[in-house]
Structures are given as structure tokens and as C-alpha cells.
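First to last, the protein sequences are chains A, B and C.
Counting from 1, one number per residue, gives the positions in the first sequence under my numbering.
Counting from 1001, one number per residue, gives the positions in the second sequence under my numbering.
Counting from 2001, one number per residue, gives the positions in the third sequence under my numbering.
Think of the hints as simulated: they come from the structure by calculation, not from any bench.
Yeah, the Cβ is synthetic: ideal placement off N, Cα and C, and Gly gets one too.
Warning: the hint list may mix true and false statements.
To be verified - To give a feel for the contact side, a few chain B residues facing chain C, derived at Cβ under 8 Å: (1) TYR1011; (2) LEU1020; (3) LEU1031; (4) PRO1035; (5) ASP1049; (6) GLY1051; (7) VAL1052; (8) THR1060; (9) PHE1061; (10) GLY1062; (11) CYS1063; (12) TRP1076.
Unchecked claim - Restraint-style ranges between C-beta atoms, simulated for each label pair: (13) C:GLN2392 - A:GLY216: 40 to 48 Å; (14) C:ARG2236 - A:GLY250: 40 to 48 Å; (15) A:GLY216 - C:LYS2283: 29 to 37 Å; (16) A:GLU256 - C:PRO2221: 48 to 56 Å; (17) A:ASP45 - C:ARG2275: 35 to 43 Å; (18) A:GLY250 - C:THR2362: 52 to 60 Å.
Claimed, not checked - Examples of chain B residues lying across from chain C (beta carbon under 10 Å, computed): (19) ILE1008; (20) PRO1014; (21) PHE1058; (22) ALA1066; (23) GLY1079; (24) LYS1080; (25) ASP1112.
Letter by letter, the chains look like this.
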Amino acid sequence: MIYLDYNASVPIRPKAREALMGVLEAQGNPSSPHFLGRQLRSFVDNARKEILKAVGGERLVFTSGGTEANGLALAGVGAVPILVSSIEHPSVLKAVPHPHVIPVTKDGVVDLESLENILGSFGTPGLLSIMFVNNETGVIQPVQEAALLAKAKGWKVHTDASQALGHIPFSFEDLSVDMMTFSSHKCGGPVGIGALILKEDLHLQPLVRGGGQEYGMRSGTLSSPLILGFAAAVKDALKEQSVVSQRLRGFQQKIEQALPNAIVYGQNSPRVAHVSCIGMPAVSSQLQLMAFDLKDIAVAAGAACSSGAMKKGSPVLAAMGIPLTEAQGAIRVSTGWNSQESEIDAFISEWKNIHSKQLTKEAI
Amino acid sequence: MAYSEKVIDHYENPRNVGSLDAADDAVGTGLVGAPACGDVMKLQIKVNDQGVIEDAKFKTFGCGSAIASSSLVTEWIKGKTIDEASIIKNTEIAQHLSLPPVKIHCSMLAEDAIRAAIQDYKQKHSTV
Amino acid sequence: MVTRPIYLDYQSTTPCDPRVLETMIPYFTEEFGNPHSRSHAYGWRAEEAVETARVQIAKIINADPREVIFTSGATESNNLALKGVAHFYKAKKDHIITCVTEHKCVLDSCRHLEQDGFKVTYLPVEKNGIIDLNRLKDAITDRTSIVSIMAVNNEIGVIQPLTEIGKICREAGVFFHTDAAQAIGKIPMDVEAMNIDLLSLSSHKIYGPKGVGALYVRRKPRVRLVSLIDGGGQERGMRSGTLSTPLCVGLGMACEIAGQEMVAENLTLLALRDRFYKKITSKLEEVYINGDFDKRIPGNLNLSFAHVEGEGLMMGIKELAVSSGSACTSASLEPSYVLRALGVKVEMAHTSLRIGFGRFTTQEEVEYAAEKIITEVLRLRDMSPLWEMSRQGIDIESIQWAEH
């Protein structure tokens, strides 16, 4: 089986697995005052510190994943204008009822000029949310520039950095943001945990209330195995970052140059090395996926959560102004820490095969 | 929360637990705190003719820090004059036992207990 | 052989059952697919595993698998049930009924709803911890959207009359939500027989992994709710976010085991608890049980040891992991609001311990724990001025205490 859908889910890193397994059988609740509880609490606090140290930032609230972290960031700031880009993850687009939307260019980059104009049209400051790396095209967004524009007008800034962690170097402070979302399983940690990093002076209205854990911003019993696994994955991802991205960059070039008439979405923009959104004219993504599946190759037509709605085409490509007929031919190939060159070769070979069959069909 | 070694020592081996005869003229009794607040301390001192505390006993209902604070002060006040004993500050107790902020009230209660015992002793003697 | 510390805090959380672990572990490693990926076998296999878990969960509450949605835990389930239903129906109904001894997450959600303009009735409980059904009937109005009463209390283990509550709610046309986090695997739960419309459950209270739970949402008559976490539209739009296959699988397996072993486990626990309780009460005077003794799950005891302060006692029995209140609040020094609601006096509430027995508790552990508690209580009573006064026949309540 060849797995090229890392943006949907990353196989767990051995270090993360080890950390998780180490406490999977541990007794106790990190909120309990007795010995077992205190021990777990210290593990959890240590993991919290490690993640903060790795990415910068002042305070970390654990959530059930990136979706919840995004929801908390956007819905938690209260009744202020919310401004998001048109290519955000649905968890940002739908976090509040009617956010204001900033368009992107045809290259898949947030249009800073439009952002400046839109910011100028508001009387009161609000919250701006722009993802760091788009999950479908891999295009790196000008978060810092956008943040500086917004902060000059007194806005708070949030970024979903789930697809950036372990792929490009950054720090919370340098980006000038107030809040940042991470998802454990997007960087090789266990599924079911994520984090919102935020400045200490920010207090958000919780989505989930109760025992008052996580600075009163997110109640619920903490899962120490997931948290320890998450922290180990973050550490490992950052440690391997430069080596892995270099390798993946090679794979990306190989894939994108394999077929001369393939379209690479966002290719004129700075992109991360681990995703390619590529279109083969006249062959639907459905057909491609079926063919790949027969060869045990796992790729995607878009984000996993919306992939049930494949026929409607990718909203990200639509936001870039790509016509539906063309977008329906796009597939997403995403790689990660454990991707092997042989997998890339197998993919390319099958892809060429599909393409040539199509050419033959057209010739007939 | 984790207790300091000194608190654990006093909790496990409390000094001077017990009672003195409250009716004895040489004995001063202090009873401070309240059951509803989760801590009550009874501290008794036996004072000789020179005004020196010869013996001290305590009984405490409360957490480990409350027990340790009262145990510690019985050690401290023994051999002191009542004037010397009356200037013991809760901060000294808290510092000695490394009490965390949420437990500072235990040391305050111990200070109150000393004062109350001395007060009781003095009251008995002012009328004589 | 007794290994220490001895875990007697099964209402706070339970260790993961080895059989649950075994089922889950492959999904943490080789089976890493995203169950929402529709385009390849990794995703399909993950989806299949998640759906199997859903069936296992549905079975233990006699529901249809399509009525089960996964959440991050009972706290989230309770938040979603209450806020979700309240907000969906707010145009016509703006009244909620719950009970003073509910878990903090229910009470806190209700308080927040009050700030949003909803009216909330907090039903009191009787001395034994159980609600008065007549009060419930009287509290329901035509503006009531939902009644939320927990199945089993987390501190005192008492069981509420669910069938009767369900009947009252159904007849009045009001939704019935129950927080069953402490009930699954302890008492039979049947959403049909009990007319339950929404039910929260937690994985880590039933020997499953932490970080996952579920909410049952009835389809007929249909319960609708406003979601708490939006995004990809997973879980029929009621709860977005990537499902964690290993956690879902773990919860499913935990439910399956709970269903199979509940009857036998209850017998064992009852025997252990009785042994413990008899031993304690044969050696110690003035030990009081909080909450109804009979209408309670077998694995819970909540005892007040008169004139011995709970935190001080916990320090003396530190090799026993027990709780002096609910785990979420016991870091604070306030006495338990649940005990206060039963009418337990503050000073008595300060002397209470919650002792939870569970699947891995042994007879040796119970014996050892009882002896340890007896020794410490005797020692601390010797040290307690209140004990001394009560022995001397002094009425402690007659004393003017300077409350600080």
C-alpha cells in the first residue's frame, strides 16, 4: 500500500507512539489531588511547556483537535467582526455564522490589498484569521504581513498553523499573531488532540464548560497519552524539519515534472514541499482515484472532511477562480516524514498510465 | 499539592499532642478556627511562676499543614516566656514549613492559637 | 501481595482495560487512516472500525448506531446536549430543568445559558441524594425544552429514577437528557424503556481511553441541536473534527466489555464494598454514609468520618488514591457542593472521603485500605480537639466559633 494522503492523516511517529504508549495504562486523572493524579499532571504540564518552547508562545490550551481549537479562537473572542480568508478550513469558515471573507489571488494567496481595504471599512477592530499553509494547495500565506496590517488597526490575529508545523520554520512571536492552532495528527501525533496557543492576556469564552480546566477556557478530563504523544510528535517534527522537507521537495519536483501538461495549482506562489495539488485535463479526479485505488495507492481529491462532497469540487480551487470542470480533474498528493521515493515512483508510473489510457481513448 | 518534608515530619510524628487540665490556674487554653472552615486548633500552655512556658500541648482538626503548624509552635514556645512566645509571627511558621500560599491560613491559625492561649492565661491571673 | 499506591478512585477515572488497549493499539500505528477519507482503503478501514464502535456503543444503551455521535468526552457531550437543544428551540421554549447535584459541566452550561436569557430550574435533592418526582412534575412548563438529570452521581453514586423521569418528560413533551458517564456498565441503560432523548457517556469512566465520549441523540421523535464545534460537518453535522479511530475503537470495545461483564462485576464489587464497609464500621464509631445506601452503584462509598478532616486524612493514607470530593474541585478547599445539597453540614462535609472500587480492585487491596483508614482515623481522632469534646459530651454546635 502506498500512502500519499498525509494531509488527511499522518501516520504516527515512532517517538509519539512511544510517548503515548508509556502512559496509556497509567492510572489516575490529571485533575486529581492524590499522588497518581499529581504525577500525570506534571507529565501534562511538561508536555505543555515543551510544545510552547518548540513553537514559541505564552499559553497553551489543549483541545480535541484543530477543528475545536479554531472554533474556540473564533467563537471565543466575543461579538466582534470576524474576517477570514476564502480558502480557510471549514472549521474556520463555519466557526461563526457570517464571517467577512477576504479573497485570494488566482495563485492561491490571500490578497493583501483587499485585506487592507476591508480592514479600513470597519469602524471597530475584530479578529482576523488566516491559515498559515493551505491544506489543499500547500501555498504559504503571508500571515506576518497580514498580521501587521491588522494589528496596526487594533485587530487580533489568529492563524491555523496545522499544516505548517514541521514543514516550515516559524515562531509564534515572529508572526505577530495572538492565537495559533495546531493539530496533533497533522504532524504525526495521535488523532483526537490539538492546541490553541495564545497570548496570556487573552481570555476566550469557552465552547466546552465544566470543571474549569485549561485556564477556564476548555473543560474536560485531559488525556495524558494523547498529550504526551502530541508533544513528542511536535518535538520530532521540528527536529527533522529541514532534512524531511528537503527530501520531500525532491519528491514534489519529481511529481510535478512527471507529466508535461499537468497543472500545478498555486505553483507561482511560495509553497511547502509536502503537498501538490495537480490537475490532469479531461480526466476526472474520481476516475483517477479509482485507478489509483486499484493499484493500492492512496491519494485524495481534496480535504478529507469535505471529500464526501467531491462532486461539488474543491472550494479552495473555486476561491482561486478555477472553473468547476477543471477543478474536477484535480487530485491532492501529500507526503510526510515516512514517505519513500519508491512510493513516489509508483505513483508517477500509475499516473502516467492513467494519462496515456486517456490519450488513447481520446485518439479513438 | 505536595507537602514539604518538614510538614510531613510533623504530621507523621507530631510533637506534644495531648491536653492539659484547662481548670489548672497555670494553664492557658486557646481554641481557634471553626469546624465549618475545616480547621480547629486547641493549644494549651503551662506557665511557671517566672512566666516561662514549661509545657505546651495541642490538638488539631485540619489538614497536614494545620497539624504541622500547631505541632511546630508547641516546640517553639516551650521554654520561652509568654512575652517571647507572643511575638512569634505566622510568616516564620510558614517559612519554616515551606507552606504554599493556599496553606498560609494554617500558620495564621497557629499564631492565633498562641495568642489565645496566652490571653486565656493572662485573664486567669489578672483577676487574682 | 498488595502493590501500592492502591487505586480507589474509580469514579474519577478508570485505567484502560488491557483488552481495550489491545484493540486500540493497531489503530495508533499501522491503521492510521482518516475515517473521513473517502478515496482509499486506509480511510475505508478506519471508517469501518469507527462504525463497528458505534454499533457497540448503541448496543449498550439500546439505541440505533445512527443515533450515536462521537465527542471528546462526557463534558463536551453534556455541553452539546444542553446548549445545543436550548439554542435550537429557544424561539418557543426557553426553560431548562436540572438538578443541584449535577456534574459541574452541566451546572456551568446552565449558568451560561441563564446569562443568555434562558430560565433554569435547579431541582433540590432529598437527603438521600435523589430528586423528588413531584417537584420535577411541578417544575415543567410549556416553555420547558429539556430536563437534564444525571443517571448516577459522580460523588455519592446514587441512582436517579430514570424510568419515572423519562415517563414524566415524555408525557409532558419535554426532552430528557441524562449524563450517564457514571452509569454505563454499572446499571442497565435503555433509551427506549427509559424514554431518554439524549444521553452523554464517557470512555475513561468505563475502562476506555481518555479523550473520547459519545452523545446519543434520538431520531424518533427527532431531537435537533445547534452544534458546538463546526467545520467539516462530520457526525451528521452535529460535531465537526477528525474522528480519532483508535479512541473510537477503544470506546466501542469498552462498551462491549461493560455490557458483557456488568452483572458479574456488580456482584464482585458489591461483595468488596460490603466487606470494606463492615470492616470500617466494626472498628470505627461515627462513620456516616452520604447518599442513599441501597439506590447506589456497587462501586461507590462516600463516607464522613466525624471530627477528622478529609484532607488531613488523605495525607495519612497517601498510598491510597481516594478522593475527598470530585476531582475537578478538590484542588480547592471548598467542601463538596453535592454533600451540601444533601443537607450534610459543612463540618461533616469536610470529613468525607469518596472511595471508588472497580474492575481491578482486589480483596487484599480492600482489606489493606480499610485497615489503613481505620488506623489513621483513630490516630487523627486522638489528635482532634473536636473528637475530644464530643467524647466529653460537649455539643460542638453550641460553641461560638470564630469563622475565618
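Status of the hints after comparison with the structure:
For B:TYR1011, the suggested interface contact is upheld, since its CB lies about 6 Å from the closest CB of chain C, less than 8 Å. Given the 8 Å rule on beta carbons, the hint for B:LEU1020 is violated: about 12 Å separates it from the nearest Cβ of chain C. For B:LEU1031, the shortest C-beta to C-beta distance to chain C is roughly 7 Å, which falls under 8 Å, so the interface hint holds. Because the closest C-beta pair between B:PRO1035 and chain C is about 3 Å apart, less than 8 Å, the hint holds.
With a cut of 8 Å, the hint placing B:ASP1049 at the interface with chain C is violated, because the nearest CB-to-CB distance is about 28 Å. Annotation: interface hint on B:GLY1051 violated; nearest CB of chain C at approximately 26 Å, more than 8 Å. Interface hint status for B:VAL1052: violated, as the beta-carbon distance to the closest one in chain C is roughly 25 Å, over 8 Å. For B:THR1060, the interface hint holds, the least distance from its beta-carbon to any beta-carbon of chain C being 6 Å, beneath 8 Å.
A hinted interface residue such as B:PHE1061 counts as satisfied when its beta carbon comes closer than 8 Å to some beta carbon of chain C; here the least separation is about 5 Å, so the hint holds. Hint status for B:GLY1062 relative to chain C: holds, with the closest Cβ pair at about 5 Å, below 8 Å. For B:CYS1063, the interface hint holds, the least distance from its beta-carbon to any beta-carbon of chain C being 4 Å, beneath 8 Å. With a cut of 8 Å, the hint placing B:TRP1076 at the interface with chain C is violated, because the nearest CB-to-CB distance is about 18 Å.
Checked against the given bound of 40 to 48 Å, the beta carbons of C:GLN2392 and A:GLY216, roughly 46 Å apart, stay inside it. At roughly 42 Å, the beta-carbon separation of C:ARG2236 and A:GLY250 lies within the given 40 to 48 Å, and the hint holds. The supplied range of 29 to 37 Å is broken by A:GLY216 and C:LYS2283, whose beta-carbon atoms lie about 43 Å from each other. Taken as a hint, the range 48 to 56 Å holds for the pair A:GLU256 and C:PRO2221, whose Cβ atoms sit roughly 54 Å apart.
Taking the beta carbon of each, A:ASP45 and C:ARG2275 are about 38 Å apart, inside 35 to 43 Å as hinted. Judged by the Cβ atoms, the range 52 to 60 Å given for A:GLY250 and C:THR2362 holds: they are separated by roughly 58 Å. Given hint, B:ILE1008 at the interface with chain C, holds; its Cβ is 8 Å from that chain's nearest Cβ, closer than 10 Å. Because the smallest distance between the Cβ of B:PRO1014 and any Cβ of chain C comes to about 6 Å, under 10 Å, the interface hint for this residue holds.
At about 8 Å, the closest approach between the beta carbon of B:PHE1058 and any beta carbon in chain C falls short of 10 Å, and the interface hint on this residue holds. Hint status for B:ALA1066: holds, given a least beta-carbon distance of 7 Å to chain C, under 10 Å. Look at B:GLY1079: its Cβ only gets to about 23 Å from chain C, farther than 10 Å, so that hint breaks. Interface restraint check for B:LYS1080: the shortest CB-CB distance to chain C comes to about 23 Å, outside 10 Å, so the restraint is violated.
For B:ASP1112, the shortest C-beta to C-beta distance to chain C is roughly 8 Å, which falls under 10 Å, so the interface hint holds.
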